[in-house]
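Visitor: Go by the hints and put chain F onto chain S.
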Amino acid sequence: MRFPFLPRTLCVALALPLLAACSDDATDGGSTSPNVARTFNQVERLGNPLVSEVFFMKRDHGLHNSTAPATDVVNGFGDKIKAFTNAFNRGPVIANTLAAVLVPDMLLVYPNRAGNTAGWLSWALAAGYGGRTIKDDVVDAGLTAIFGKLLDPSATVLPGLTSDNISTSTRTYPTTFPYLEAAR
Amino acid sequence: MPLPSLSRRTVRSLAALSVGVAALAVGQRVYASDHMDTPETELNPRMDINDVYAFPGASADRIALVVTTSSPIAGQNASFDPNLLYQIKVDNTGDAVEDLVFQVTFDAGVGAAQRYSVRGPVAPAMTGTKTMLATGGTVITGTVGSTAGSATGIQVFAGLRADPFVIDLEQFFNIIPDRRPSTGPLAAQSGPPATSFRMPGVDFLKPFNALAIAIELPKSALQSSTAADAKFGVWSTISR
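Residue numbers (the numbering used here), protein chains in the order written: chain S, 566 to 749; chain F, 2 to 241.
Just to be clear, a hint being listed does not mean it is correct.
[To be verified] Mimicking EDC-like on lysine to aspartate or glutamate, the simulated pairs with C-alpha atoms at most 16 Å apart in a straight line are:
hint	chain 1	residue 1	chain 2	residue 2
1	S	K645	S	D625
2	S	K645	F	D179
3	S	K700	S	E746
4	S	K647	S	D702
5	F	K207	S	E746
6	F	K131	F	D100
7	S	K623	F	D179
8	F	K207	S	D702
9	F	K207	F	E171
10	S	K647	S	D625
11	S	K700	F	D204
[Unchecked claim] Not close to chain S: a few residues of chain F, all C-beta gaps over 12 Å, as computed:
hint	residue
12	T70
13	A189
14	G202
15	P208
[Stated by the list, open to error] If you want a taste of the chain S side facing chain F, the calculated C-beta under 7 Å gives, among others:
hint	residue
16	E609
17	T721
18	N730
Please keep in mind that the hints were generated in silico from the structure rather than gathered at the bench. Just so you know, even glycine gets a beta-carbon here, dropped at the ideal spot from N, CA and C.
Next comes chain S alone, as it looks inside the complex (with noise of 0.2 Å):
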């Protein structure tokens, strides 16, 4: 009991990153396995690329990662997409298939579908393995789909809006686990 202020006050001195040594939190003690009774609540969730940051208005991406793909539906997720695809007079056929590919918003794999058709949505488009690969060029697949004549032959294209004029053949991906290249 000489020194009883002496923690406490090597904490205020020393630098930032020494403030967390400092700590007597015990859930800081370096351990993987986070209490096993603690309930976790969702505050963020992805499943197919450009659903919420494309579709969805700002102020519904809160609702997007708040909720689970089983209330998908009854949330109104197809008629949000709708809503986007009306916004552009991209017509019924383009509106209801997206809604119908992507609601719920789950990535969909058909394993045993042969590995070369993997690719984001090939599952509706040519019965393929779809999922969505490292190399998928997902922006230019969402926009041809939605301002091209894709899903709908007799759609107006907009030509300035199906492709964003960058493609994934600017990376090289590795094509070993974990398939993805080294930081910058």
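Guide: Quick look at chain F alone, frame taken from chain S:
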């Protein structure tokens, strides 16, 4: 092109905001596609899932699941949030409810000194938006930046990698300004409001990194059926 009226209003307000906001210095945060889609994830980027991938693995009987988070990270020093639970969920019965989950947690280490634990695939104790850590099933631990597990069983990786996503994000926000983040450099208009993409586009995320989680395993571990048209749904969540 008939942009929604809210977007046009937002264009005007952002154009006004852009005056004096020229702090696009290299190294400052910029914001990406899913990529910062709510104020909450803007406050804690490590709470942000950027992209989810599912594709054939090293052999036809294996599948790889990859999740990227936290992009855009400039530089090499970043850690996963030890207070968050990162999950990949699989519905293999067609009801949009998870039947199997992978649960990934991290200790309080920094950078390459951080360690991860990957539980699963395991049936979750709870389904939906509330979750508890599984107490059974496989647990694989490793060090961030390195691979653990088995190349013929469950193989896992967690660490910093280049963000694989390609998009001309800046022009996307000029076309649909409602989707802009509410804070940070890209919250402000960076060019004139646009009605089309530019030629050539800009690979906006190429300089940046993400914190990635990758899991590869036999696809049979995720399937409920071996039928030719068997399917499952995959999504990822972050919980706190």
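Visitor: When you check the alpha-carbon spacing of K131/F and D100/F, does it fall within 16 Å?
Guide: holds (14 Å)
Visitor: Check the hint pairing K647/S with D702/S against an upper bound of 16 Å on the C-alpha distance.
Guide: violated (22 Å)
Visitor: Holds or violated: K700/S with D204/F, Cα cutoff 16 Å?
Guide: holds (14 Å)
Visitor: Is it true that the CA of K207/F sits at most 16 Å from the CA of E746/S?
Guide: holds (11 Å)
Visitor: Tell me if the straight-line CA distance from K207/F to D702/S falls inside 16 Å.
Guide: holds (14 Å)
Visitor: Just to be careful, I want the Cα atoms of K647/S and D625/S compared with a cutoff of 16 Å; is the pair within it?
Guide: OK: K647/S and D625/S at ~14 Å, within 16 Å.
Visitor: Say whether it holds or is violated: A189/F keeps its Cβ farther than 12 Å from all Cβ of chain S.
Guide: Its Cβ never comes within 12 Å of chain S, the nearest being 15 Å, so this holds.
Visitor: Does the claim that P208/F lies outside the interface with chain S hold up, using a Cβ gap greater than 12 Å?
Guide: Non-interface label fails for P208/F: nearest chain S Cβ at 6 Å, not farther than 12 Å.
Visitor: For the pair supplied as a hint, K645/S and D625/S, is the alpha-carbon distance within the 16 Å limit?
Guide: holds (9 Å)
Visitor: So, as I understand it, the hint says E609/S touches chain F; can you test that by seeing if any CB pair is closer than 7 Å?
Guide: holds (4 Å)
Visitor: Tell me if the straight-line CA distance from K645/S to D179/F falls inside 16 Å.
Guide: With a Cα-Cα distance of about 15 Å, the restraint between K645/S and D179/F holds, given a limit of 16 Å.
Visitor: Given the hint that K207/F pairs with E171/F, does the C-alpha gap stay at or below 16 Å?
Guide: holds (13 Å)
Of the numbered hints stated above, those contradicted by the structure are hints 4, 12, 14, 15 and 17, listed in ascending order.
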